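Trainee: Protein chains in written order, with this note's numbering: chain A, 1 to 128; chain B, 1 to 144; chain C, 1 to 111.
Hints listed in this document are in silico derivations from the structure and should not be mistaken for laboratory results. One thing to keep in mind: the hints can contain errors.
Listed below are the simulated DMTMM-like cross-link pairs for lysine to aspartate or glutamate, each with C-alpha atoms no more than 20 Å apart in a straight line [what the hints assert, rightly or not]: (1) Lys33/B with Glu18/A; (2) Lys118/B with Asp40/B; (3) Lys118/B with Glu89/B; (4) Lys118/B with Glu75/C; (5) Lys95/A with Asp13/A; (6) Lys23/A with Glu5/A; (7) Lys22/C with Glu8/C; (8) Lys33/B with Asp64/A; (9) Lys22/C with Glu4/C; (10) Lys22/C with Glu79/C; (11) Lys74/A with Glu105/B; (12) Lys33/B with Glu14/B.
It should be emphasised that the depicted structure is a prediction, and the values quoted were computed from it without experimental measurement.
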Amino acid sequence: MTLREVKEILDADIIVGEDQLDKEVQTAFSADLMSDVLAFATAGSLLLTGVTNPQVVRTSEILDIAAIIMVRGKRPSQETAQLALELRIPILSTKYILFETSGRLHARGIVGCIVKVGDRSDVRRDKV
Amino acid sequence: MSEETKYDGHFAVEGGNFRNAGQVSSRIKNILKDLGCDSDMVRRAAIVTYEAEINIVSYARKGLIHLRAKPDSVRIEISDEGPGIADIELAMQEGYSTASPIVREMGFGAGMGLANMKRFSDNFSITSRVNEGTQVVMQIDQVH
Amino acid sequence: MNLELIVESLKLRVRYGAKNLKREVTGGFVGDLLSDVIANSQEGNVWITRQIHQNIIAVASLKEIAGIVLVQGSEPAAETLARAEQEGIPLLVSDLPGFEVAGRIYKMLNP
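With the sequences and hints as input, model every part of the structure.
Mentor: In structure tokens form, the structure reads like this:
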């Protein structure tokens, strides 16, 4: 689905990336721990999180995350929004909690960006 | 610099500067991309460098990241001046952390950083002296 | 819906609390920041997290959480398991990531 549909499903505000709403997404990752995101999230996924500081954007840049969804009405700090603008990473803000946000997107066909631990192809298999 | 070496450079990281944390890793990712390195290798190098950079910012006074890229491998050496790690085995355990609340609020400090650095490296070594600093050497090889 | 149905449906591994699975689940909560869970979770929620530190049990007990699901195959630390037994908090493990666990439980709660 497109980011535009994600915005509608979550009744979300677009904080950064109004011009990128046609971007396609199929997978998502929900977490507040950036080390967890780094270990498991895959390129092109949505990142669903309650964390709003600039490290969310940095982490997303490192992984080529498609867009950040901030939950529970959280909004990025000005510094975070500025960095997202520079790095062209969309940020949406929804009032739903992380559980509800995950549930609504999952019900509409978005899947987890890993099926199970150990299924990753981008960490060498012999190391997992 | 050997003939094979495509890039060799040092990057300074300032301890306690949370505002810039991650900047060096972004640069390193872009350098490796521009060199035309394999995308999986770039991704893993960016992840381990970022975790290392967060560690320097969170715990050390200052640190240095040394990046050396060859056509089929990347070597990243971290050295910092700071408190060091008294019990490395304990620090490597997932879930163990001495992070401050500010680090935890950033979404780090859950005791996963060193484990991630090891997980995404093909070769990982760490040494430390209490009240002096910590050194980490990581090598990432192209898979194919 | 009780916790037992969720355990069966998602094939969760029960690390502690086989006797406490009749608890009614009121909803779900996904979060890794303890302050967030303390502030925003509701009594009877099933809490989905990647945190394995023993502090999760104190938080779950305080908020009267129905049970904790650790995601991505994260196993509880030994002290966490011991605290879960003390406090009577069911501790469950899934190999799935939090998004999937949340999505599947959400579907069960909102058929």
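Trainee: Determine for every hint whether it applies to the structure shown.
Mentor: Right, here's what the structure says about each hint:
{"no.": "1", "hint": "Lys33/B with Glu18/A", "in the structure": "27 Å, violated"}
{"no.": "2", "hint": "Lys118/B with Asp40/B", "in the structure": "16 Å, holds"}
{"no.": "3", "hint": "Lys118/B with Glu89/B", "in the structure": "13 Å, holds"}
{"no.": "4", "hint": "Lys118/B with Glu75/C", "in the structure": "19 Å, holds"}
{"no.": "5", "hint": "Lys95/A with Asp13/A", "in the structure": "9 Å, holds"}
{"no.": "6", "hint": "Lys23/A with Glu5/A", "in the structure": "10 Å, holds"}
{"no.": "7", "hint": "Lys22/C with Glu8/C", "in the structure": "12 Å, holds"}
{"no.": "8", "hint": "Lys33/B with Asp64/A", "in the structure": "13 Å, holds"}
{"no.": "9", "hint": "Lys22/C with Glu4/C", "in the structure": "6 Å, holds"}
{"no.": "10", "hint": "Lys22/C with Glu79/C", "in the structure": "25 Å, violated"}
{"no.": "11", "hint": "Lys74/A with Glu105/B", "in the structure": "14 Å, holds"}
{"no.": "12", "hint": "Lys33/B with Glu14/B", "in the structure": "25 Å, violated"}
Going down the numbered hints, you'll see the structure goes against 1, 10 and 12, while the others check out.
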